[in-house]
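Please put together the full structure from these sequences, using the hints given.
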Amino acid sequence: LAAAGDAAVNKRLLPAIAAGKTIATVAMTGDAGTWTADGVAVTARADGDKWVLDGGANFVTHAELADVLLVPARTPAGIRIFEVAAKAPGVTISALPTFDRTLRLARIDFAGVAATPVGTAGWPAAEAALQLALVALAGEQAGGARRMFEKTVDYAKTRIQFGRAIGSFQAIKHMAADLLIVVESATSAARAAAVALDAAGEGSNEPADVAVHLAAFACADAYTTVTATAVQMHGGIAFTWEHPAHLYLRRARAQAQLFGAPAYHRERFLTALGA
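Sequential numbering of the sequence shown, starting at 137, is according to my numbering.
No wet-lab data here; the hints were simulated from the structure. This structure is a prediction, so every number in the text was calculated from the model and none was measured. Each hint can be trusted.
Here are the in silico distance ranges between beta carbons for each label pair: (1) Asp290 <-> Ala155: 34 to 44 Å; (2) Arg283 <-> Asp334: 23 to 33 Å; (3) Leu409 <-> Asp334: 17 to 27 Å; (4) Glu320 <-> Lys223: 38 to 48 Å.
The beta-carbon is built from N, C-alpha and C at its ideal position, and this holds for glycine as well.
Spelled out as structure tokens, the structure:
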């Protein structure tokens, strides 16, 4: 989003973000959580030669740590991106409850907040940033699914029941085989999305939408499937604080709703295919 700005903004903002001196987050969607242009609930109005924001954004990641908020907002000429100081007068940040306690989400309300326009790209810049976030999230989901699968297989080799390792039981073997297919499929989808997005950035004629939305729902589904099954295969120990299985499950279920639920990305995938 910041990269869509003018040269002056880029010179001031991007180096500070890249160096870790400034933490930025994006307040992109409203209460509906659609992550689309229609879901933008913040409005911007001109006040002399300045801009002022009103409205609210929801499901903002790590807003409590941010120095800068990048906010898509509606103007009479369409959606534009604005830069707002996180501690500016009129900004209210409210933490939201989350199933994954390591995921920090917040609602942000704007009441007459002074804002600085960032470039003129508008919603296309926000959508491009969202695609990058989806590909990064898909990679994390695919990696998390693989890690939990590996830990589950290791556990099945060492957990003894009825005098045998539980991995020797046919039912456990079938479950592990099914999970392996899920993990490998998610890995392929995440890698394909990254390659497609990289090619699109280099001017490829092939749009990345199909691969990105495929990875978004495939990796989310894979992560939740693998972690839920891993808890079942581990048994009671998976529900204790001494084992991370339930933490992976919490993260998988929370991330499956972040930046759009799997059902939404399936619809976008079919639309991109022209189905």
